[in-house]
Amino acid sequence: MDAIDEQLVRLTQEGLPLVPRPWDVLGWRLGITPAEVRARLQRMLEQGIIRRLGAVPNHYRIGIRANGMCVWDVPDSRVAAIGRWVGQLECVSHCYERPRHLPEWPYNLFAMVHGRSREAVRAKAARITAALGADVRTHDILFSTRLFKKTGLRLPQPPRQPVPSAGAFRRSREA
Amino acid sequence: MDTPVLDEIDRRIINGLQGGFPLSERPYADAAAALGLDEDALLMRLQRLVGQGVLSRFGPLYNVERMGGSLVLAAMRVPAPRLEQVAAQVNAHPEVAHNYARDHEFNLWFVISALDTAAVRDLIRTIEQETGLRVYSFPKRREFFIGLRLEA
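Chains A and B supply the protein sequences, listed in that same order.
Note that our numbering has the first sequence beginning at 2, numbered continuously upward.
Note that our numbering has the second sequence beginning at 210, numbered continuously upward.
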């Protein structure tokens, strides 16, 4: 990542310009050609710096209201095998091993389960817990009740370097 | 907030365009053609879907860790009457990418993303000082799958 890559991230982290030739707008702001903008984005896709390029839905606004963070306390010696199994289930999106904070937080396996209702999420979690059997010492589901913020990545502005304001960027997107 | 009414074309866009946006000269025209639309119609609908909040945004989903940065899940146990105020204090930091209330004793969950681990650690300390509450951090030890593609 060079300085231009970082600037490109800053210019696109709130979204691409919704105009017929978005690379022209970005290239103009960065002082590079549209072809170079495309080449840099292509390289970042290949390197995995960009996971994917397209629509980022807000699941609350498309009716997927229940978002259950399911957590289990499983033996450390078994967590990798269990995590791989839970992670490949169709109803599970993200699945991670994370540290416990004893005694308040005994859980070390986290999986996000999304659904149209809490009941749907509870039923899926119950099936997973049943399948894990004696490996589960304790478990819980945390439902989200409010979304306070969802912005995705925001790089901090670098010091003493002129960067177009968000307002200027929005104006350019509307242009 | 009510869920906006989405028609069949909106759904086609949301379900069909969560990845693979082309890096061609006229990417919206090419993406539109693949969806059986024209460029103007796709641009107008994307503007509306972003405006309605159905899409958080349209563009790259960055992986801050692949940039050498760091991403940490954190949680707090906030006394219920202070939840709004503490959420606002947390949100005021641009490094906080997501922030949810959850129905649990650990009732505020957020993601901090920054370009280096020291910045994440400093921000956790800052939030603890600003709120007088402990921030529990849950850095991932292992990642088993990330495959979320939401169906509208």
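Hints in this document: simulated from the structure, not taken from any laboratory.
We put the CB at the ideal spot given by N, CA and C, even for glycine.
Watch out, some of these pointers could steer you wrong.
As the list claims (entries may be wrong) - Computed Cβ-Cβ distance ranges for the label pairs, DEER-style:
1. A:R52 x B:D216: 27 to 37 Å
2. B:G229 x A:E7: 18 to 28 Å
3. B:E234 x A:R101: 45 to 55 Å
4. B:M253 x A:A135: 53 to 63 Å
Hints, one by one, checked against the model:
1. Distance hint check for R52 (chain A) and D216 (chain B): the Cβ-Cβ separation is about 28 Å, which falls inside the suggested range of 27 to 37 Å.
2. Separated by about 25 Å at the C-beta atoms, G229 (chain B) and E7 (chain A) satisfy the suggested range of 18 to 28 Å.
3. For the pair E234 (chain B) and R101 (chain A), the beta carbons lie near 52 Å from each other, so the given range of 45 to 55 Å is met.
4. For M253 (chain B) and A135 (chain A), the hinted distance range of 53 to 63 Å is satisfied, since their beta carbons lie about 56 Å from each other.
Checked against the numbered hints above, the structure breaks none of them.
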